[in-house]
Amino acid sequence: MTTSLPPLPEPVRKDPQKKTPSALIPPSARSRLGMRLSAEAARGRFRLPHCNACNQPVWPPREACPACLSSLQWRDADATGTLIAETTLETSPELYFRERTPWRVGTVDLAGGVPVMAHLHAQCRIGDTVTLRLFLDKADRAVFMAFSDLDSPDLREDIQLRELTNDPRHRRVLITDARTPAGVALAKAMTKAGAKRIFAGIGDAWKRDAAIEALEGMETVSTVPLDLTDTRSVEELCGEIGGKVDILVHNAEQVRPGGVMAGRGIADAKQLHEKLVFGFMRLAESFGPVMRSRGADGVNAATAWVNLLSVYAHANWPAYGQHSAAHAATLSLAQCLRGEMQGSGVRVMNAFAGPLEQDWHDQVLPPKVTADRLAREIVGALQGGQQDVYIGDVARDVAERFEDDAKLLEMELAGDGQ
Amino acid sequence: MSTGFEDIVITAPTSVAYTRFSNESAHWWLLAALRDMLAGAGLRPADIDGLTVSSFTLHPDSAVGFTQHAGLSLGWLEHLPMGGASGVIALRRAARAIQCGDASIVACLSGDTNQLDSFRQTLSRFSHFSNDAAWPYGSGGANGYFALIADHYMRRFGIARETFGQIAAAQRSNALYYPHALMKTPLSVEQYLDARMIASPLGLFDCVMPCAGSESFMVMRADTAHRLGLPAVRPLAIIERHNGFAEDPVQFRGGWTYDRDQLWQRAGCAPADMDFVQTYDDYPVISLMQLEDLGFFEKGAGDAFIAGHDLTCGGSFPHNTSGGQLSVGQAGAAGGFLGIVEAVRQLTGSAIGAAVPNARRALVSGFGMVNYDRGVCSAAAVLERANQPATAARHPTTTESEAAA
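Just so you know, the protein sequences line up as chains A and B, in that order.
Under our numbering, think of the first position of the first sequence as 1, with each following residue one higher.
Under our numbering, think of the first position of the second sequence as 419, with each following residue one higher.
It should be emphasised that the hints constitute simulated quantities derived from the structure, not laboratory data.
Using N, Cα and C, we set each Cβ at its ideal position, and we do this for glycine too.
Possibly wrong hints are sitting among the right ones.
Said to hold, decoys possible - Pair ranges (Cβ atoms, derived):
(1) A/Q335 - B/S491: 53 to 59 Å
(2) B/F723 - A/A29: 16 to 22 Å
(3) B/S606 - A/G339: 53 to 59 Å
(4) A/C68 - B/G686: 37 to 43 Å
(5) B/L492 - A/K19: 54 to 60 Å
(6) A/Q335 - B/F439: 40 to 46 Å
Unchecked claim - A few chain B positions that, by computed beta-carbon distances, are all more than 12 Å from chain A:
(7) G460
(8) Q517
(9) S522
(10) S606
(11) R678
Take the sequences, apply the hints, and build the full model.
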């Protein structure tokens with residue numbers, strides 16, 4: 001029987017006379033071995049080093065099995081354990097925690113004998129069978145959190161969990177290029193997840209269509225003028241709402257088939273780069289610094305920057321070659337932004353999808369990702385605090401092949417497209 | 419089977435008065451101890467040919483860098499980064515080196531400075547395991563980790579916080595007489611229980627105060643000490659264990675349990691023969707664990723044992739007679755020497771605080787290095803008063819270094 005938790009209070013409006021708190025992050029120093037856990041968690045995995053001989057999980061990370069000195073390999077791990085010790089920290093020499101006490105941590109006995117220090121969900125009690133999950137904390141470093149009941153209706157009422165995730169609930173979201181199937185679906189999914197307000201960026205608002213009407217029909221949505229290809233438009237919007245954007249979703253959908261030898265290649269690429277690549281840079285130049293400065297702004301903090309990317313950002317798919325190239329450029333810039341956001345508490349999340357279910361993919365074989373699924377999984381990844389999320393079978397397949405052997409994937413894509 | 423220590427003795431117990439914070443370097447504190455100790459023993463630097471060094475804040479220097487810093491030319495050198503176990507282990511290493519003829523007079527030094535942020539800095543890069551798997555959880559080092567150990571221990575054995583309070587309160591009574599103790603206000607069990615929580619179940623008086631200071635002693639042959647007119651103490655038996663009981667998912671016993679039979683057998687005596695005990699008291703729960711694991715009472719029977727004894731210097735079970743780290747302060751690695759230095763003073767009749775009457779034998783134990791979630795090193799020594807030279811003077815207690823501090 002899990003105890004029920006009181007709902008998280010809705011954030012109060014910021015007092016403009018008060019100082020914006022400086023960004024504090026939890027300790028970020030890790031060994032290279034320790035960083036591996038963060039790299040796994042960033043992709044939403046629960047993997048630990050396991051002994052190649054006795055198959056036992058090992059923690060903290062080591063260079064050899066402490067039972068038999070055999071080599072170790074990171075593998076999916078059983079996340080079930082028992083909570084055997086707990087404490088409530090009332091103070092900490094680390095400023096990040098000092099400001100957040102009381103804070104509960106505990107020791108989970110994983111797999112009968114592997115002690116794992118973990119943040120505790122408020123519903124955990126000593127002796128409980130608990131499930132461990134990995135999250136990236138505000139330093140973008142993986143930490144364990146223990147849960148006694150992952151299906152609890154009160155799961156997300158936990159303040160420590162909220163600190164580790166980017167839940168849209170009670171938060172304000174800007175969706176760029178919102179007049180697209182993905183934009184509309186995202187507005188719906190964010191609303192469903194409890195977002196307080198959604199700014200839907202619309203170019204040429206005088207052009208009425210079903211998407212605009214759908215957006216205007218939602219109580220949480222405010223349409224705002226935004227043309228990603230126009231620096232002034234982006235700056236003006238930032239001046240207007242920059243300080244209110246907690247989650248920014250960079251969506252710039254423009255799919256055209258073709259590689260570099262097709263006649264329209266350069267014209268298409270220019271358009272797409274203007275919107276997707278330079279659009280990203282325009283957003284980063286204006287919204288980036290504002291969000292960075294608000295990463296620790298109490299409960300009203302900026303929390304995530306999401307990029308909707310093609311999985312072919314990792315390796316070029318010649319059938320949509322220039323499209324892949326623009327996404328590759330955006331991915332590279334997103335990695336740069338991630339570096340520049342370090343220490344601010346703002347997460348840069350990349351959502352990779354394969355071909356979407358839309359007109360310009362009419363020659364592409366299924367499976368294709370629907371806008372609703374795309375939006376749902378992005379919201380899920382924000383709630384899970386992920387850094388990279390791969391949406392749909394194609395994206396996961398390409399990601400797996402990319403990780404396995406990037407060269408092989410390149411050759412496969414050059415051969416037959418998939 | 420480990421052999422005995424024959425005519426090896428410990429002498430020249432030296433403490434440099436502690437300060438809460440210090441702008442001096444670790445080198446300064448170690449040198450102050452060395453200078454005081456040599457002066458007290460009537461020796462020149464060239465007379466020592468062996469050295470052990472234990473210090474956290476000496477980093478990035480090691481014992482090697484210190485040797486050059488101090489201008490010492492040595493035939494034998496040990497760097498012992500074993501925290502709270504380093505005092506007992508320094509004694510063991512030095513004794514064996516002398517027995518083997520590799521050194522004749524070994525100075526065992528410990529000391530740390532405590533600049534405003536050095537405690538956090540030391541802990542925030544304490545070990546790979548700590549950085550990867552413990553420090554990110556906010557405990558801020560030992561307090562959080564030992565809270566988890568204490569939480570489990572209290573549940574497992576049904577130990578009450580009052581018991582920890584009795585240990586802390588008795589040590590404070592001892593500290594009131596100890597000149598170097600930083601905490602000089604009497605402490606009652608009620609005050610212990612009412613104090614603010616630091617990391618449940620640990621409250622303010624479960625925790626040591628980080629400070630600057632140094633502790634040191636010398637190891638030599640009995641005849642050397644005799645010739646120098648130095649009162650001395652004999653080690654009867656010494657044990658150490660590293661990474662004992664790694665299979666326990668949370669620490670509820672220390673490596674002492676492995677080796678205690680050997681300890682008492684080699685020492686030729688039993689826990690009941692001890693006139694006082696110095697445990698490593700980074701937290702009262704750890705003192706309790708040492709006492710039971712070394713055989714003073716059954717595992718888990720701490721409530722009754724502590725309630726049934728008076729732990730002050732004049733009591734039925736004198737424990738941490740200087741006041742221990744809980745009341746004197748934790749001067750980094752010197753915390754691992756405090757017990758042994760105090761024991762040598764008590765056994766040679768030269769206590770600088772309250773004295774245990776007619777003390778002949780004592781147990782000193784050490785515990786150190788929370789690499790991840792538990793103390794990895796454990797050690798213990800049984801000591802006995804040696805035949806004292808006829809001309810033995812009281813050990814010097816404080817010298818010019820103290821005034822400078």
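Checklist entry - Does the no-contact call for B/S522 survive, Cβ to all of chain A over 12 Å? => result holds, 40 Å
Item to check | Satisfaction of the hinted span 37 to 43 Å by the C-beta atoms belonging to A/C68 and B/G686 | outcome: The hinted range 37 to 43 Å holds for A/C68 and B/G686, with Cβ atoms some 39 Å apart.
Next on the checklist: Please check whether the beta-carbon of B/S606 is more than 12 Å away from every beta-carbon in chain A.
Outcome noted: holds, 22 Å
Item to check | C-beta pair A/Q335, B/F439: status relative to the range 40 to 46 Å that was hinted | outcome: Between A/Q335 and B/F439, where Cβ atoms are some 43 Å apart, the hint holds.
Checklist entry - For the pair B/F723 and A/A29, does the Cβ-Cβ distance stay inside 16 to 22 Å? => result violated, 42 Å
Item to check | B/R678 and chain A, when compared Cβ to Cβ, separated by more than 12 Å | outcome: Given that every Cβ of chain A is farther than 12 Å from that of B/R678, nearest at about 24 Å, it holds.
Item to check | Consistency of beta-carbon spacing, B/S491 to A/Q335, with hint 53 to 59 Å | outcome: holds, 55 Å
Next on the checklist: Using Cβ atoms and 12 Å as the threshold, tell me whether B/G460 really stays out of contact range of chain A.
Outcome noted: With a cut-off of 12 Å, B/G460 remains clear of chain A, as the shortest Cβ separation is near 44 Å.
Checklist entry - Does 54 to 60 Å hold as the CB distance between B/L492 and A/K19, or does it fail? => result holds, 56 Å
Next on the checklist: Please verify that the nearest CB of chain A lies beyond 12 Å from B/Q517's CB.
Outcome noted: Non-interface label stands for B/Q517: nearest chain A Cβ at 33 Å, farther than 12 Å.
Checklist entry - Do the beta carbons of B/S606 and A/G339 sit within 53 to 59 Å of each other? => result For A/G339 against B/S606, whose Cβ atoms are near 55 Å apart, the range 53 to 59 Å holds.
Hint violations for this structure: number 2 only, all remaining hints satisfied.
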